[in-house]
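2 protein chains.
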Amino acid sequence: MSALPSPSPVDGPAAPASGSAAAPSLRHVLGGATRGLLLFGITPPRASATAEQADEIARLTLARLDPLDVDALVLYDIDDESDRNPDERPFPYLPTMDPAVFHARHLVGWRRPAIVYRCVGKYPEPQLRDWLRTADTDRMAGVFVGASSGSKQVHTTLPRAHALRRETRPDLTVGGVAIPERHTRGSDEHLRMLAKQERGCGFFVSQVIYDVDASKSMVSDYHYACRERGLAPQPVVFTLSVCGSLKTLAFLKWLGVRVPRWLENALRHADDPLAESYEQCLATARELITFCRRLGLPFGFNVESVSNRKLEIDASVSLAARVRELLDRPPC
Amino acid sequence: MSALPSPSPVDGPAAPASGSAAAPSLRHVLGGATRGLLLFGITPPRASATAEQADEIARLTLARLDPLDVDALVLYDIDDESDRNPDERPFPYLPTMDPAVFHARHLVGWRRPAIVYRCVGKYPEPQLRDWLRTADTDRMAGVFVGASSGSKQVHTTLPRAHALRRETRPDLTVGGVAIPERHTRGSDEHLRMLAKQERGCGFFVSQVIYDVDASKSMVSDYHYACRERGLAPQPVVFTLSVCGSLKTLAFLKWLGVRVPRWLENALRHADDPLAESYEQCLATARELITFCRRLGLPFGFNVESVSNRKLEIDASVSLAARVRELLDRPPC
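These protein sequence lines map, in sequence, to chains A and B.
In this text, residue positions in the first sequence follow the working numbering: the first is 1264, and each later residue adds one.
In this text, residue positions in the second sequence follow the working numbering: the first is 1264, and each later residue adds one.
Please keep in mind that the hints were generated in silico from the structure rather than gathered at the bench.
You may find that some hints are simply not true.
Cross-link-like lysine to aspartate or glutamate pairs, in silico, DMTMM-like; alpha carbons within 25 Å at most [said to hold, decoys possible]:
#1 Lys-1510/B x Asp-1476/A
#2 Lys-1510/A x Glu-1491/B
#3 Lys-1510/B x Glu-1491/A
#4 Lys-1516/A x Glu-1444/B
#5 Lys-1516/B x Glu-1444/A
#6 Lys-1516/B x Asp-1451/A
#7 Lys-1516/A x Asp-1476/B
#8 Lys-1516/B x Asp-1476/A
#9 Lys-1573/B x Glu-1319/B
#10 Lys-1573/A x Glu-1351/A
#11 Lys-1510/A x Asp-1476/B
#12 Lys-1516/B x Asp-1346/B
#13 Lys-1573/A x Glu-1527/A
#14 Lys-1516/A x Asp-1451/B
Restraint ranges, calculated between C-beta atoms of paired labels, are given here [stated by the list, open to error]:
#15 Leu-1357/B x Arg-1531/A: 46 to 56 Å
#16 Ala-1538/A x Arg-1531/B: 34 to 44 Å
#17 Val-1580/B x Pro-1422/A: 50 to 60 Å
Positions of the beta carbon are idealized from the N, C-alpha and C atoms, including for glycine.
One chain only, chain A, in its complex shape (with noise of 0.2 Å):
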């Protein structure tokens, strides 16, 4: 693991940043979710990449990023999953650049926080160890995901990996995974989540969201079960990536995302399933937002595009600069 760039000036939650010169600290970040927060989700270059290509990269996304009032970006950790299904994956599994590394040498023009995935399982204690101790706590957070399936080969689990961050790091921000088909198919899910919140997690991202309703049981549950327990409830953060063609949907799908029936069929059927899925991003989000204000849950989004398709990212920059403005926009 690479060390990582050295801290910047803390700014904390009682001096939110204004202007270019000082930009918000993650603590900060964190504290608006009662507003809803905007996350942008990436995955780093190939692993195969130089050092040129990646500057190059990081050089068009933040070119992409840089008209949208992002709160933090959302750097993935990606992990060869294809324990978790048998059937073929849609798009061919490549090995990607760390994205600590990809952050700390590529990312450099980025001046607001960074939400650092970590695939725990991938990870010997000592190289983990190393990156908390060298993280920018104020500039940075993690979310620690563990293995894709029971069966699976791991260097640390999950457990293992919120013990080394209270251990070695404990003022480093960390956040959890929470899947609401685990919820539709076991009902605790949120009992997982209080679990992880137990081990230190501030804050959930979900995966990619097709199916609502599951995810407004998830938080609702979860949201109960923190007030009868007297605890606050952390910001859950939903994943939105629009969705292009049947062979995205498949991908979708592969990955575990349910997408409910009617909207499969929409898609299947739609002249242009981009704009079709688009649309059904913004309802969600709507929807979302009006219930998770409801509740008094703090909440966000995390807009990405699984597909690294030209259109299909376009129309992420797209959706998170309509969902800025559904945020934005007092409650009704």
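Given chain A's structure and the hints, the job is docking chain B onto it.
Relative to chain A, chain B alone:
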């Protein structure tokens, strides 16, 4: 089965009703399903009611419905469905008056069409045939309901009832039941609907809807299956019922209605569950109106109260008025 009143003057689809003298025929009403139908469902008085009591109940019912612009009245045929569910029925089962008898003898002041349910298993063939022979095909439709479980002993099966109609009274419009919860379990309710349509069903009425997503998936699959087969889809009427208490919620669940977890939480934690469910029924209506109009599927709503509590019945009348407003509003 009693004789029914003699037919009133016919006014077919080409001659819409206007003024108070000419009431619309049933065919005309069903022809309006592209815009959206509004039905109101009631349960006949107890079988033990005297003629005077039944007259008084009919008078109160008509007074309640008078300000509403309801397209047709739905009269349920209540069956002992204790075979459906081994759990105790939250509201006791009480035998009720035959809906056709209540309609013919007591609801004489109702000038619009009536839709009379028939739990066909309750009736020996000759009794069902007598009713079919005497039914006023202009002012009345039937809805044939099959057994509430596979193990129930029946006098007449659903396919046999449909055959009897074709033999005896092919000009009587009959509808069928459509159950989104079955679609969630087996993904095949649309095929059952197509089979019923083949046997002669001219419309469908759902059981009470609290799971909008499942309802959308059912009618989406039905719509595309019709399109694939070159069939005209028949109107699908969604039943809405408010829920004013946890006992009513328990009864809805006993009846087989799936209430999404987030909605159950909202009802359980609401200061006023009746107001909460009322708003939810309206949101359901809005969403299904938009969805069906976009698909181009003829549709409607049937508003009822599964409980006989006055507050819930009053709320269902008010809900029907609001749904009428939603249906009359030009599409955005």
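Okay, the hints, checked on the actual structure:
1. Lys-1510/B x Asp-1476/A: Between Lys-1510/B and Asp-1476/A the Cα gap is close to 24 Å, so the pair holds against 25 Å.
2. Lys-1510/A x Glu-1491/B: Cα-Cα ~23 Å, so holds.
3. Lys-1510/B x Glu-1491/A: holds, 23 Å
4. Lys-1516/A x Glu-1444/B: Since the Cα atoms of Lys-1516/A and Glu-1444/B sit roughly 22 Å apart, the hinted pair holds (cutoff 25 Å).
5. Lys-1516/B x Glu-1444/A: Holds, because 22 Å separates the two Cα atoms, which is no more than 25 Å.
6. Lys-1516/B x Asp-1451/A: Roughly 21 Å separates the two Cα atoms, so the pair holds.
7. Lys-1516/A x Asp-1476/B: Between Lys-1516/A and Asp-1476/B the Cα gap is close to 18 Å, so the pair holds against 25 Å.
8. Lys-1516/B x Asp-1476/A: Between Lys-1516/B and Asp-1476/A the Cα gap is close to 18 Å, so the pair holds against 25 Å.
9. Lys-1573/B x Glu-1319/B: holds, 15 Å
10. Lys-1573/A x Glu-1351/A: With a Cα-Cα distance of about 23 Å, the restraint between Lys-1573/A and Glu-1351/A holds, given a limit of 25 Å.
11. Lys-1510/A x Asp-1476/B: holds, 24 Å
12. Lys-1516/B x Asp-1346/B: Satisfied, since the Cα-Cα distance of roughly 15 Å is no more than 25 Å.
13. Lys-1573/A x Glu-1527/A: The hint holds at about 22 Å.
14. Lys-1516/A x Asp-1451/B: holds, 21 Å
15. Leu-1357/B x Arg-1531/A: 46 to 56 Å: holds, 48 Å
16. Ala-1538/A x Arg-1531/B: 34 to 44 Å: holds, 39 Å
17. Val-1580/B x Pro-1422/A: 50 to 60 Å: holds, 56 Å
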